[in-house]
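Trainee: Listed below are the residues making up each chain.
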Amino acid sequence: MGVADMGADGLKLYGVEFSSRLLAGTAQFPSPAILSRVIAAAKVEVVTVSLRRESGGSRAGERFWALIRELGVRVLPNTAGCRSVKEAVTTAEMAREVFDTPWIKLEVIGEDDSLQPDVFGLVAAAATLTREGFQVFPYTTEDLVAAEKLLGAGCEVLMPWGSPIGSGRGLNNPYALKSLRAHFPNVPLIVDAGIGAPSHAAAAMEMGFDAVLSNTAIARAADPARMARAFALAVEGGRLGYRAGLMHERDMAAPSTPVIGRAFSDLARA
Amino acid sequence: MRIHVNGKVLDVAAATLAALLRELDYQDGAIATALNQNFVRKTDRGKTPLKEGDAVEILVPRQGG
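Protein sequence lines correspond, in order, to chains A and B.
Just so you know, the first sequence maps onto residues 1 to 270 in our numbering.
Just so you know, the second sequence maps onto residues 1 to 65 in our numbering.
Chain A on its own, in the form it takes in the complex:
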């Protein structure tokens, strides 16, 4: 029996079900063909996309959008780089028209070195967009109060960072991420940003997170399709481990082989 057969375990985001728990960014790939191979190799069903300026006469944006549509994946447009509520809301409105989806990965950046989310702006933008009918995926920190307020603003999914975007540092604050998971057991939580290795993705899934979003670690690998497959396996393995129930850590050793019946056990130690 393959791991995929071990009980239905779909991911549901705003009422839409997916079998893959690995979401992928589409930036920084060496070529569109490699991006296509990555999506196929990892069986990714949701990809992030963005909107950017382009000169008249250039058709790069159109070609990219045609490629994504051919892949048959669901798109999650972002508001990457936005630094104010106004910028983020306007960008989201523009994205909804172009990509024809109410989904928006909401980013309101508050600090340049860490690209840390401005959680105050994030909550305000999320409230506005929810009122406008968007289904908001806020890129946030692991802050519990911010998470609570984002849910209050209408978000049904949260995307806490693992560590700063593009840093590859993995899960910077496991304690806080575990707390977040424990506080919101029924909210889909997707670890986004900073995931640098398959082991980071597996660790997030073992903590009980619902999915992982990876971009740079896959796109910048020497062999992106192979790395994507590695991430897919890590996510699946971590998820299975979580569902199976991980053992609790101990400070001291505990023999796994039975102690009773051990030869020479009646001899005094020197």
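There's no promise every hint is true.
A few chain B positions that, by computed beta-carbon distances, are all more than 10 angstroms from chain A [said to hold, decoys possible]:
| hint | residue |
| --- | --- |
| 1 | 2 |
| 2 | 9 |
| 3 | 15 |
| 4 | 16 |
| 5 | 18 |
| 6 | 48 |
| 7 | 52 |
| 8 | 58 |
Pairwise CB distance ranges, derived in the manner of DEER restraints [to be verified]:
| hint | chain 1 | residue 1 | chain 2 | residue 2 | range |
| --- | --- | --- | --- | --- | --- |
| 9 | A | 60 | B | 9 | 15 to 25 angstroms |
| 10 | B | 49 | A | 101 | 22 to 32 angstroms |
| 11 | B | 55 | A | 184 | 47 to 57 angstroms |
The hints are simulated quantities; they were obtained by calculation from the structure and are not laboratory data.
Cβ coordinates follow ideal geometry from the N, Cα and C atoms, glycine included.
Got chain A; can you put chain B on it based on the hints?
Mentor: Positioned in the frame of chain A, the structure of chain B alone reads:
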């Protein structure tokens, strides 16, 4: 008339946002527009006049993380 388009100052003849897109050779496909930081729907571009000093954003799909 001098306006800002995607951060660049341009001298244009177009009187509306829809005319501006034609003047600058944007196809009518996957693009989104904003005027002075406010989203302008595709269906509203023809009735959105431009004036001196306006800031227009014309965005297209792009790779993103």
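Trainee: Hint by hint, which ones does this structure get wrong, listed from lowest number up?
Mentor: 8, 11
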